[in-house]
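Protein chains in written order, with my numbering: chain A, 1 to 543; chain B, 1 to 543.
None of these hints come from the bench; they were simulated from the model.
Even for Gly, the Cβ is constructed at its ideal location relative to N, Cα and C.
Please note that a few of the clues may not be correct.
[What the hints assert, rightly or not] With beta-carbon atoms standing in for the labels, derived distance ranges:
(1) N412/B x A58/A: 27 to 35 Å
(2) E161/B x G269/A: 36 to 44 Å
(3) E444/A x S165/B: 28 to 36 Å
[As the list claims (entries may be wrong)] Far from chain B by the CB rule (all over 10 Å, computed), these chain A residues:
(4) L4
(5) L10
(6) L122
(7) D176
(8) G217
(9) I244
(10) A245
(11) H286
(12) E368
(13) L378
(14) G427
(15) R434
(16) W445
(17) R485
(18) S504
(19) L527
[Claimed, not checked] On the chain B side, residues computed to face chain A include the following (Cβ under 10 Å):
(20) M183
(21) R201
(22) E489
Protein chains: 2
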Amino acid sequence: MLGLMQRHSLSISSLIDFAERQHGDAEIVSRRVEGDLHRTTWAAVARRARQIANGLEAFQLAFSDRVGTIAWNGYRHLELYYGVSASGRVLHTVNPRLHPEQIAWIINHAEDRVVCFETTFLPLVKAIYKECPKVKHWIVLCEADRMPTDDDLPGLISYEEWINSHSDQYRWPEIDEYAASSMCYTSGTTGHPKAVVYSHRSTVLHAYASALPNAFGLSERDSVLPAVPMFHVNSWGLPYSTAIAGCKVVFPGPGLDGKSLYELMESEGVTLAAGVPTVWQGLLEHVKQNGLRFSTLNRTVVGGAACPPAMIQVFQEGFGVEVLHAWGMTELSPIGTVCSLKNNQLNLPPEEQVKLRAKQGRALYGIELEIFDELGKLLPHDGKAYGSLMARGHWVVGEYFRPDDLSSSLVNGWFPTGDVATIDGDGFVQITDRNKDMIKSGGEWISSIEIENIAMAHPSVQMAACIGIKHPKWDERPIICVVKRPGAEVTREELLAFYEGKVSKWQIPDDVVFLDSIPMGATGKMLKTKLREHLINHRLPQT
Amino acid sequence: MLGLMQRHSLSISSLIDFAERQHGDAEIVSRRVEGDLHRTTWAAVARRARQIANGLEAFQLAFSDRVGTIAWNGYRHLELYYGVSASGRVLHTVNPRLHPEQIAWIINHAEDRVVCFETTFLPLVKAIYKECPKVKHWIVLCEADRMPTDDDLPGLISYEEWINSHSDQYRWPEIDEYAASSMCYTSGTTGHPKAVVYSHRSTVLHAYASALPNAFGLSERDSVLPAVPMFHVNSWGLPYSTAIAGCKVVFPGPGLDGKSLYELMESEGVTLAAGVPTVWQGLLEHVKQNGLRFSTLNRTVVGGAACPPAMIQVFQEGFGVEVLHAWGMTELSPIGTVCSLKNNQLNLPPEEQVKLRAKQGRALYGIELEIFDELGKLLPHDGKAYGSLMARGHWVVGEYFRPDDLSSSLVNGWFPTGDVATIDGDGFVQITDRNKDMIKSGGEWISSIEIENIAMAHPSVQMAACIGIKHPKWDERPIICVVKRPGAEVTREELLAFYEGKVSKWQIPDDVVFLDSIPMGATGKMLKTKLREHLINHRLPQT
Numbered sequence: 001m002l003g004l005m006q007r008h009s010l011s012i013s014s015l016i017d018f019a020e021r022q023h024g025d026a027e028i029v030s031r032r033v034e035g036d037l038h039r040t041t042w043a044a045v046a047r048r049a050r051q052i053a054n055g056l057e058a059f060q061l062a063f064s065d066r067v068g069t070i071a072w073n074g075y076r077h078l079e080l081y082y083g084v085s086a087s088g089r090v091l092h093t094v095n096p097r098l099h100p101e102q103i104a105w106i107i108n109h110a111e112d113r114v115v116c117f118e119t120t121f122l123p124l125v126k127a128i129y130k131e132c133p134k135v136k137h138w139i140v141l142c143e144a145d146r147m148p149t150d151d152d153l154p155g156l157i158s159y160e161e162w163i164n165s166h167s168d169q170y171r172w173p174e175i176d177e178y179a180a181s182s183m184c185y186t187s188g189t190t191g192h193p194k195a196v197v198y199s200h201r202s203t204v205l206h207a208y209a210s211a212l213p214n215a216f217g218l219s220e221r222d223s224v225l226p227a228v229p230m231f232h233v234n235s236w237g238l239p240y241s242t243a244i245a246g247c248k249v250v251f252p253g254p255g256l257d258g259k260s261l262y263e264l265m266e267s268e269g270v271t272l273a274a275g276v277p278t279v280w281q282g283l284l285e286h287v288k289q290n291g292l293r294f295s296t297l298n299r300t301v302v303g304g305a306a307c308p309p310a311m312i313q314v315f316q317e318g319f320g321v322e323v324l325h326a327w328g329m330t331e332l333s334p335i336g337t338v339c340s341l342k343n344n345q346l347n348l349p350p351e352e353q354v355k356l357r358a359k360q361g362r363a364l365y366g367i368e369l370e371i372f373d374e375l376g377k378l379l380p381h382d383g384k385a386y387g388s389l390m391a392r393g394h395w396v397v398g399e400y401f402r403p404d405d406l407s408s409s410l411v412n413g414w415f416p417t418g419d420v421a422t423i424d425g426d427g428f429v430q431i432t433d434r435n436k437d438m439i440k441s442g443g444e445w446i447s448s449i450e451i452e453n454i455a456m457a458h459p460s461v462q463m464a465a466c467i468g469i470k471h472p473k474w475d476e477r478p479i480i481c482v483v484k485r486p487g488a489e490v491t492r493e494e495l496l497a498f499y500e501g502k503v504s505k506w507q508i509p510d511d512v513v514f515l516d517s518i519p520m521g522a523t524g525k526m527l528k529t530k531l532r533e534h535l536i537n538h539r540l541p542q543t
Numbered sequence: 001m002l003g004l005m006q007r008h009s010l011s012i013s014s015l016i017d018f019a020e021r022q023h024g025d026a027e028i029v030s031r032r033v034e035g036d037l038h039r040t041t042w043a044a045v046a047r048r049a050r051q052i053a054n055g056l057e058a059f060q061l062a063f064s065d066r067v068g069t070i071a072w073n074g075y076r077h078l079e080l081y082y083g084v085s086a087s088g089r090v091l092h093t094v095n096p097r098l099h100p101e102q103i104a105w106i107i108n109h110a111e112d113r114v115v116c117f118e119t120t121f122l123p124l125v126k127a128i129y130k131e132c133p134k135v136k137h138w139i140v141l142c143e144a145d146r147m148p149t150d151d152d153l154p155g156l157i158s159y160e161e162w163i164n165s166h167s168d169q170y171r172w173p174e175i176d177e178y179a180a181s182s183m184c185y186t187s188g189t190t191g192h193p194k195a196v197v198y199s200h201r202s203t204v205l206h207a208y209a210s211a212l213p214n215a216f217g218l219s220e221r222d223s224v225l226p227a228v229p230m231f232h233v234n235s236w237g238l239p240y241s242t243a244i245a246g247c248k249v250v251f252p253g254p255g256l257d258g259k260s261l262y263e264l265m266e267s268e269g270v271t272l273a274a275g276v277p278t279v280w281q282g283l284l285e286h287v288k289q290n291g292l293r294f295s296t297l298n299r300t301v302v303g304g305a306a307c308p309p310a311m312i313q314v315f316q317e318g319f320g321v322e323v324l325h326a327w328g329m330t331e332l333s334p335i336g337t338v339c340s341l342k343n344n345q346l347n348l349p350p351e352e353q354v355k356l357r358a359k360q361g362r363a364l365y366g367i368e369l370e371i372f373d374e375l376g377k378l379l380p381h382d383g384k385a386y387g388s389l390m391a392r393g394h395w396v397v398g399e400y401f402r403p404d405d406l407s408s409s410l411v412n413g414w415f416p417t418g419d420v421a422t423i424d425g426d427g428f429v430q431i432t433d434r435n436k437d438m439i440k441s442g443g444e445w446i447s448s449i450e451i452e453n454i455a456m457a458h459p460s461v462q463m464a465a466c467i468g469i470k471h472p473k474w475d476e477r478p479i480i481c482v483v484k485r486p487g488a489e490v491t492r493e494e495l496l497a498f499y500e501g502k503v504s505k506w507q508i509p510d511d512v513v514f515l516d517s518i519p520m521g522a523t524g525k526m527l528k529t530k531l532r533e534h535l536i537n538h539r540l541p542q543t
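For reference, chain A alone in the conformation it holds in the complex:
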């Protein structure tokens, strides 16, 4: 017997329609590449999204044709998120931090018919233009009078001229909710990048779940600053979830330095900001150095990499900003877990709370997470057993788009995240490491993240990366690579002594390597592969 309720598709068009109808006047503020601050509203974004749809019709783009974007976080990118997907095409967000060669490969692999890019990325486009012959239209995200002229790039179109030549009257088509809406390539460190193809359904369900009070808790009383890029991992789904919630959205454009972010937060009354730990590090440095306070910010979502407990403490205790530690990945749309404390946990002493907040939190309603041992046996939720973290649910990848090989397919319906984690009795997941970053010493595993977090808690340390170095007896031994805070000093011996009592003796690194910087990947994560290559001949001291 079937239910007798109406049947409608879960669709991205319904998100922008809703935002226009119910909070059309909520603001969208964007720092543009031109440097100025641009103000618009959800209603205007909706209108311009319909102009895009008409523009794509005029290009005779078919259903499911791909439209690439190489753009910062801003209103035009938001318009494209909706205009492209809601009209039935597939939005392909391209990460400009990848190598030009990889970008060309990605655009060709996705078969983008149109690519929209910011003027900032003109040199990049020059480098790939000839390599991407199937792209029919290159659109520059600017006014007609700011168009670059370049003989190597014939036929560039001004975005503003393009959309303004089209009507804002358009009726979104009815779309199968399982149809592709957007895609994003992972920044695989080996082999070709792999593409995750989201559906209208997965996107809407992810938006519902991530806006819930136990997750981001988004409401129309929020002013949200997404410091996590729209060109990667869908800016954690915020372009969609803020449409449900009717938030004011504040886009920082390319300016992610501490000063720019802080000023924007203060001037636009930002209540929630979302970003990776390295970006928040810059923000906190700026705020501390200048003796500033946050007047409106009350919570920050930290993800993309494990948030060091020391950072949680500074936000919470120093500034009264609640840290919502989160974990996810491109393959999870991207949000898997958010760490919001339970009622009884809020009564724990502050140091216990920080320990809990250092966990990545619990799965959103809509996905399941489990840990398995090497033989595929389910491990208990006791906060101690650690194993391969696997995911299953509405917004978890099923298969990659036209993969080179099938090695990365599901295991009994579960997606292997590549992370190693524990899960406690309340369902709190703690990522102990990436599978490939775990250090095996004398038959035991050492979590590189745990070793890094301790170093990060030292007042003289700005950034720390722990890697394993080959060892004749123990197989591998950990070393800690450290970037010191400007002007701060700490010796090898002091730092090693700092570990005493915090971990078992055999987990203390064998050595400290001081570096000027740690190589970072295109998505703001530390590139430990590079570090390992760089230090392959590092000689451990005799102990």
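Following the hints, position chain B against chain A.
For chain B alone, coordinates are given in the frame of chain A:
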């Protein structure tokens, strides 16, 4: 091109699995018919739901077979919500306030195979037992040693004995998300009741949307008291949405008087309570008469009937409790709108805010609401134009279950709610009346709700109902029926004078009728049909 994300059903089993896994220790507190306070947890509810599933297998109930419940708000009813639906059967909640004849008709129409009822309803079951020969098992929601013995009711089964004879090991089946999960009959005042059949999908999407911060804003920090019955309109979906949010739930059982509710709220730290205005009236009377305060309650959802602005004011200004005015109906699962103010509206003066909160609020994300005139023309969202309110969306009825006739089908895909409403530029809906309660005077419409709200703002008035009385010249003229507060006095003339300046002269009632009580229907709504019958010969004074 299809998205490449995993495909899973939206299912009610995933709700209870989630609650067990992630907040198994959150409490479920129930006032039982025995009078005592029972404490359990989401984890135990999940275990017992699986025992129910095994019990239903033992009864050889097929997929989609109906299981009726005649029960108060309590943990056993919650267990049935999950055990029945998640195992693939259809939960049929029966409203015990209907006439026994109607109840028998409903149980037969739904073809219930099993009926579970509380000891309170033994007399009712006696009255219908013989009329429902297709019910194979009558289960009493009590322990074996409390079982009633009655020769007229052979074969009664003790719920506790039944479920405890079955294992709590059970694997929920995979279910098509469009399959029926539960059903509820509307309390149609004319003709047979009509059944709405919910699906797993509609139920889960409704739960997602209603838990969002702009709606109920449910989180694991909440202790929720549903004073709206689980035997009707799914207790506004709270049995499902609290499972997503991990709330503590406090079930009042049959005790909805002010004193019982207040004591439960205080002892269980209730933060959010949901109920109809008449229930809150009793609560507020108790609190005011005894000079009490709410120590934890911070918001109350008011729906089922329009919330008088005077009540909003008392809650907000007198007690600091935010009123979330809501509107819905059985056919909408039931939540259609919730009134939560937007950022800029929170800065308005209190009296302006009360005006806004007197509106029923905005459609949840997932449904659409529009108003149409008599010719089916779409009316503008200007807060002035009023017309028939129509609904469309994921949790709106498509068709009734085995209807007597097809007169109640959709109009161009829209469900006619039977309400008359305005919608303003922000999407705020205000119900001006039920279609059938509007009063037509001299070719103009008068909103009975507006006239009632003014009377309700008079300090001596406890309850007020406005109906139209036939008039030779004006077609109809409004009169106001009033129940005075205990000990309070007010004359006809004083009350009529109270209207001056508040509405146009021609909208002021022609007469006041003082009554001891106003007839109430099975779902806590005023029965204006009864009132109209009672006053059919009322003679209007000459004016």
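We went through each hint and held it up to the structure:
1. N412/B x A58/A: 27 to 35 Å: Holds: the Cβ-Cβ distance is about 31 Å, inside 27 to 35 Å.
2. E161/B x G269/A: 36 to 44 Å: violated, 60 Å
3. E444/A x S165/B: 28 to 36 Å: violated, 48 Å
4. L4: Answer for L4/A: violated, closest chain B Cβ roughly 4 Å.
5. L10: With a cut-off of 10 Å, L10/A comes too close to chain B, as the shortest Cβ separation is near 8 Å.
6. L122: holds, 30 Å
7. D176: violated, 8 Å
8. G217: G217/A not clear of chain B: closest Cβ-Cβ about 6 Å, inside 10 Å.
9. I244: violated, 5 Å
10. A245: violated, 6 Å
11. H286: Fine: 27 Å to the nearest Cβ keeps H286/A off the interface.
12. E368: violated, 8 Å
13. L378: L378/A clear of chain B: closest Cβ-Cβ about 13 Å, beyond 10 Å.
14. G427: Given a closest Cβ separation of 4 Å, the condition is violated.
15. R434: Non-interface label on R434/A holds, nearest chain B Cβ at 22 Å vs cutoff 10 Å.
16. W445: Fine: 26 Å to the nearest Cβ keeps W445/A off the interface.
17. R485: holds, 37 Å
18. S504: holds, 31 Å
19. L527: Its Cβ never comes within 10 Å of chain B, the nearest being 27 Å, so this holds.
20. M183: holds, 9 Å
21. R201: holds, 7 Å
22. E489: Since the shortest Cβ distance to chain A is 44 Å, the answer is violated.
In summary, the numbered hints that this structure violates are 2, 3, 4, 5, 7, 8, 9, 10, 12, 14 and 22.
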